[in-house]
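Student: Sequence:
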Amino acid sequence: MPVTLLFLKREDTARIHFQPLFKFPVHESAEKHIFYLPRCSAESITEEAKPSQNPKPPPPPPAVAGGDRDFLLHLEAYLARRDGVDKLLKISRYAAKIVLSTTLPSDSLSPRLRAFESSVGLSHKAFRLGKFVHDVNALRATAGSPASADLLLAAAAAAAYGGEGLYFFLEQFVWLSKAGLIPSEYSRRLHKVGAWAELVAHFGSVALKAKELRKIRSCLTKSMDGKGNGEELRKLREKLLLQEMWLVQDLADSLMVIADVSDGKGFLSNPLLMASVAILSALIGTYKNWISC
Numbered sequence: 001m002p003v004t005l006l007f008l009k010r011e012d013t014a015r016i017h018f019q020p021l022f023k024f025p026v027h028e029s030a031e032k033h034i035f036y037l038p039r040c041s042a043e044s045i046t047e048e049a050k051p052s053q054n055p056k057p058p059p060p061p062p063a064v065a066g067g068d069r070d071f072l073l074h075l076e077a078y079l080a081r082r083d084g085v086d087k088l089l090k091i092s093r094y095a096a097k098i099v100l101s102t103t104l105p106s107d108s109l110s111p112r113l114r115a116f117e118s119s120v121g122l123s124h125k126a127f128r129l130g131k132f133v134h135d136v137n138a139l140r141a142t143a144g145s146p147a148s149a150d151l152l153l154a155a156a157a158a159a160a161y162g163g164e165g166l167y168f169f170l171e172q173f174v175w176l177s178k179a180g181l182i183p184s185e186y187s188r189r190l191h192k193v194g195a196w197a198e199l200v201a202h203f204g205s206v207a208l209k210a211k212e213l214r215k216i217r218s219c220l221t222k223s224m225d226g227k228g229n230g231e232e233l234r235k236l237r238e239k240l241l242l243q244e245m246w247l248v249q250d251l252a253d254s255l256m257v258i259a260d261v262s263d264g265k266g267f268l269s270n271p272l273l274m275a276s277v278a279i280l281s282a283l284i285g286t287y288k289n290w291i292s293c
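Numbering of the sequence shown is given in full-length UniProt numbering, commencing with residue 1 and proceeding in unit increments.
FYI, nobody ran anything at the bench for these hints, they're computed from the structure. In this text the structure is predicted, and so the values were computed from the model without any measurement. Hints are not guaranteed to be accurate.
[Unchecked claim] With a cut-off of at most 30 Å between alpha-carbon atoms, the simulated DSSO-like pairs for lysine-lysine come out as follows:
1. Lys97 - Lys235
2. Lys235 - Lys222
3. Lys97 - Lys215
4. Lys235 - Lys178
5. Lys211 - Lys131
6. Lys222 - Lys211
7. Lys265 - Lys192
8. Lys215 - Lys192
9. Lys125 - Lys235
10. Lys209 - Lys265
11. Lys178 - Lys222
12. Lys192 - Lys178
13. Lys239 - Lys131
14. Lys215 - Lys178
15. Lys192 - Lys222
16. Lys235 - Lys265
17. Lys239 - Lys222
18. Lys178 - Lys125
19. Lys178 - Lys211
20. Lys178 - Lys209
21. Lys239 - Lys265
22. Lys125 - Lys209
23. Lys131 - Lys222
24. Lys125 - Lys215
25. Lys97 - Lys222
26. Lys178 - Lys239
27. Lys265 - Lys222
28. Lys222 - Lys209
29. Lys211 - Lys97
30. Lys222 - Lys125
31. Lys192 - Lys288
Let the hints inform the model, and build the full structure from the sequences given.
Tutor: What follows is the structure in structure tokens.
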């Protein structure tokens with residue numbers, strides 16, 4: 001039976017319009033045997049057969065009941081942060097120092113631990129490259145804020161951010177010196193100047209946190225006197241606890257900096273004490289970064 005083959009143009013699909021490509025004589029009763037085929041090009045076939053250039057990422061795992069975040073997703077976000085890896089390196093370094101100062105490792109283990117501690121310390125400094133930019137931006141934000149009208153608060157902020165920014169800036173050159181690019185005789189002087197800058201930064205930071213603690217305690221007292229709701233009191237207590245932890249971290253870091261400035265004289269020369277203080281600071285910093293990401 002003669003048939004007619006019709007190809008459908010792509011642009012005519014919306015109007016359902018067909019064009020015969022080949023037509024043969026056909027009886028009227030054979031109209032029901034007409035086949036309509038869509039017109040297509042090699043390009044369209046290639047596009048449809050080609051996989052997507054930007055495939056969608058797989059959906060994240062469902063959240064744990066209770067609203068808690070998935071642990072692996074939380075861990076991924078934590079490790080993607082510079083400060084997260086920085087604190088893990090700090091914990092690893094000072095854990096090795098604690099082992100070296102509290103036990104008597106074998107002759108084969110002791111050199112490996114010292115090499116590990118030195119290598120991690122170098123990596124720890126490398127993670128601080130460009131970190132001073134954060135303090136520069138913090139100084140700019142503080143200068144333009146209404147709080148800058150308070151001279152004491154402005155001075156504390158300038159000491160905290162300015163001192164820390166200078167410390168991180170000099171630490172880049174200390175790292176370059178330890179990596180061998182800059183002569184090693186500059187390393188000690190740069191480290192000493194950076195230690196003094198960090199000490200100034202911690203004084204400013206402690207002053208800022210002490211002021212924030214007084215403010216939170218005042219709000220907590222007012223809420224308790226005014227019989228505030230339980231949710232508000234709970235949040236204020238959590239905020240107070242976190243600020244107290246940050247203050248302890250600053251004091252621990254200040255103790256380490258004083259040891260650097262004084263060349264570790266007196267009780268600050270105890271390696272176990274200094275390593276324990278550093279571990280405490282690193283653990284608090286780890287918790288701080290964990291809950292903020």
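Student: Between Lys178 and Lys239, is the straight-line Cα distance small enough, at 30 Å or below?
Tutor: Not OK: Lys178 and Lys239 at ~40 Å, beyond 30 Å, violated.
Student: Does the alpha-carbon distance linking Lys178 and Lys209 stay inside the 30 Å limit?
Tutor: Roughly 34 Å between the alpha carbons, so the hint for Lys178 and Lys209 is violated.
Student: Against the 30 Å threshold, does the CA-CA distance of Lys211 and Lys131 hold or violate the hint?
Tutor: holds, 25 Å
Student: Is the Cα-Cα distance between Lys97 and Lys235 30 Å or less?
Tutor: With a Cα-Cα distance of about 38 Å, the restraint between Lys97 and Lys235 is violated, given a limit of 30 Å.
Student: CA of Lys235 to CA of Lys178, is that 30 Å or under?
Tutor: This hinted pair is violated, its Cα atoms lying about 45 Å apart.
Student: Compare the distance between the alpha carbons of Lys178 and Lys222 with 30 Å, and conclude whether the hinted pair is satisfied.
Tutor: At roughly 53 Å apart (the allowed maximum being 30 Å), Lys222 and Lys178 break the hint.
Student: When you check the alpha-carbon spacing of Lys215 and Lys178, does it fall within 30 Å?
Tutor: Violated, at about 43 Å.
Student: Does Lys215 sit within 30 Å of Lys125, going by the straight-line distance between their CA atoms?
Tutor: Not OK: Lys125 and Lys215 at ~35 Å, beyond 30 Å, violated.
Student: Do the alpha carbons of Lys192 and Lys178 lie within 30 Å of each other, as the hint requires?
Tutor: holds, 15 Å
Student: Take the C-alpha atoms of Lys125 and Lys209, compute the straight-line distance between them, and say whether it is at most 30 Å.
Tutor: holds, 26 Å
Student: Under the criterion that the straight-line Cα-Cα distance not exceed 30 Å, is the pair Lys209, Lys265 satisfied?
Tutor: holds, 28 Å
Student: Check whether the Cα positions of Lys239 and Lys131 lie no farther apart than 30 Å.
Tutor: Holds - the C-alpha atoms of Lys131 and Lys239 are around 26 Å apart, at most 30 Å.
In terms of the numbered hints stated before, the structure departs from hints 1, 3, 4, 8, 9, 11, 14, 15, 16, 19, 20, 21, 23, 24, 25, 26, 27, 29 and 30, listed from lowest to highest.
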